[in-house]
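Work out the full structure: start from the sequences and follow the hints.
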Amino acid sequence: MSGIVDRRVELDRRSPPTVVVRCAGERGVRELLAGIEEEGVPVRLAGADGRDLEARGDGESGTAAGVNTTAVELAHAAARASPLDVGVGVDAEGRVCVHHAKRPADRPVVTADSTRARWCGHNAARLVVGLPLKEPPDEMEETWSHH
Amino acid sequence: MPRRSSSTSGSGWPTPVDAVTLLVGVDIGNSTTEACLAELGPDGPRYLGGALAPTSGVKGTAENVPGVVKVVQEALSATGSAQHEVAAVLVNEATPVISGLAMETITETVITESTMIGHNPDTPAGAGLGTGTTVAFTELGSCGPGEHVICVVGAGVDFEDAAVGIAAARDRGVEVTGAVVQADDANLIVNRLPAPIPVVDEVTLIGKVPLGMPAAVEVAEPGRTVRTLSNSYGLATLFDLDPDQTRLVAPVARALVGNRSAVVVRTPSGDIADRRIPAGTLTLIGEHARLSVGVDAGADEIMATLRRVAPLADATGEAGTHVGGMLATVRDAMADTLSDTAEEQDVHIQDVLAVDTFVPQLVTGALAGEFALENAVALAAMVRTSRAPMEALADQLRSALDVDVHVGGVEADMAVLGALTTPGTERPLAVLDLGGGSTDAALATGHGEVRSVHLAGAGDLVTKLIDSELGLDNREVAEDIKKSPLAKAESFFHVRMEDGTARFFDEPLPAEAFARVVVLGEEGMRPVPTRYSLEQVRQVRRSAKHKVFVVNALRALERVAPGGNLREIGFVVVLGGSALDFEIPDMIAEAVAGAGIVCGTGNVRGCEGPRNAVATGLVDDHTGRAR
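Chains as they are written, first to last, in numbering that gives the first Met the number 0: chain A, 0 to 146; chain B, 0 to 626.
Misleading hints may appear alongside valid ones.
[Unchecked claim] Covered stretches of chain A, going by a simulated chain B footprint (3 or more residues, C-beta under 8 Å):
1. 37 to 50
2. 97 to 108
[What the hints assert, rightly or not] Which chain B residues face chain A? A few, computed with CB under 7 Å, are given here:
3. 183
4. 186
5. 491
6. 507
7. 514
FYI, nobody ran anything at the bench for these hints, they're computed from the structure.
Ideal Cβ positions, reconstructed from N, Cα and C, are used throughout, including at glycine.
Below you can see the structure in the form of structure tokens.
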């Protein structure tokens, strides 16, 4: 039986299919989750270290480990951990980033500050369901260049 | 063997290669200037190559000089020849053609009092039909048990508060049967209710929803459309309407067809009008008759009137309307072009093409930015003069290039000569030149006589139709849609082309393109800013091409064919910029197939495709006469 890899354990660990959110802070997280929920896409919330927040049950997400991690890094790690290939990162300052596992790490899908967390949530979910991204709610207060 | 002597050298018989004399045929078109370079040998011309550049200025005016100089030099450098080897530059008798486009919307949907919200938010929630009186969310507490209400949740109400409020009201026995929400919160609210109710969200102008009125909210299951509110009798049943009232709400029902969610509020005097806008009249002046036709009668009626007055001598539009303005603009533009010539010419509209179209327009009085498709008529008109100031152009070219310049050859005759170099053709042969501003046709009979016709409406009108029917308001995107096949970005790394094939990319696609309809144009991928599906965009593109080019091709061929009988034409060669289109030549070939005509895209000199016909014809004609 050598050469046959049993992936059931791995699948079990990864299921069910969800968008993964990794957050180093709490700012914007409620709105972000609302956006994803409104689009009807399941989501799993994790801390900056990737451990499930619900499983830990302490509700306190700002682990010291994630303070210096950027939203883009968190988002890419989340996307790679997501069976749906879509992840969102929220850094300690409330910046939000939506990423896709197959995109280069330094070229996220969208980035915004916490006032647009809701919009980011919608867009993360839309990547999963295959709908065009939503128009930004108003003029961009902040744009990050990443090219 | 007689040979046209070069004005500069006047050298003797062929010696080394660099003494060979060259001829350059130049065709100044409305949008492109083309050159054909040929070497004069003992057995007629030997074609060396060609070049192409945008036309500078209006065709047939002295402004064309830079464009002509550019193509001549490009043609020479491409073949490694020098300017002093050129014996003569041949220029066609270019007659300026100026075309204009106008669009008149002839219907309008007006909601005099807010009665319907027929928009399609991406995510309405719940499913089913709710009816009741509209009540503001803040007033929910004052509703008594047993009351049927539709809750109107305004801006700034958090989804959790909204859910708690609605649930509390229902606990007290208030029958909250549905809700209308300003924010994109429908699912968030329904997910927090003990029992789901239909909720329509993203109603931007929620403040305009009348309160205290009977209303209905309907949300269909995913993949379905509303059934009750899009049915006139459904509305009549819900609101207990008599036949007269039902007649009044019929447009509301019609406007809601195809939506996944809808809200209808019945206001006492509210009504939705489906109005026809007076669009002015168009007066067509023929040689023997003069007829007026209302633009709102539609394209068929206008074209029928045009046939009754044919041949058209001039056309005018009612002052103060778009059509009147457009015809005046076209005439003025031509008058300006000709103002530098000594002779005063009368400028007349020579042809008009009317096309039925539709325009998505914001419904006046709508609450959520709803669009309605309104009927419109697009008109193209063209003027053409008998003779342009070509001598002035030739003089300037002579000094700019320092070579002999000959003006000669009627454009249509030259196009036929050039088209005849397409392998597999013979007279009688018709040329269809599909340009940007006009569609031209010429027929060469077996006896060498050539009849030609110039019709309004071509590539520019197609672009305009695509632009307005998709509501793009962006000419460049419309131009791209016209020229290239569509695709849908299915992931960040691949698109599905309109024919179903997949295409992969190494670089991730931009986020703006994701899940959108895109055009794969010459300058790369461009997302189409529309909510229409790929199939709908494709349909608009193909119907625009059909309405302009197939209609005009048939119109033009009928005008040049002997006795108007297409069967008398043996070969049709399609030329011009739009002949390079990926589907127009096929559409035309299909349309004329019934008449037993051989129709195809030209291949001038067996290598140039549908380009360079007039330039080649000029050289051919010149050497033919020289021999």
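Results of checking the hints against the structure:
Check on the segment 37 to 50 of chain A: 3 of its residues sit with their Cβ under 8 Å from a Cβ of chain B, so the three-residue criterion for coverage holds. Only when three residues or more bring their CB closer than 8 Å to a CB of chain B does the claim for the segment 97 to 108 of chain A stand; here the count is 6, and the claim holds. About 6 Å separates the beta-carbon of residue 183(B) from the nearest beta-carbon of chain A, less than 7 Å, and the hint is met. Annotation: residue 186(B) was flagged as interfacial toward chain A, and the flag holds, the nearest CB pair being 5 Å apart, inside 7 Å.
Taking 7 Å as the C-beta cut-off, the interface hint given for residue 491(B) holds, the closest approach to chain A being about 6 Å. A distance limit of 7 Å between C-beta atoms decides the matter here; for residue 507(B) the minimum to chain A is near 5 Å, and the interface restraint holds. Hint on residue 514(B) holds. Least Cβ distance to chain A is approximately 5 Å, under the 7 Å limit.
This entry satisfies every hint, going by the numbered hints stated previously.
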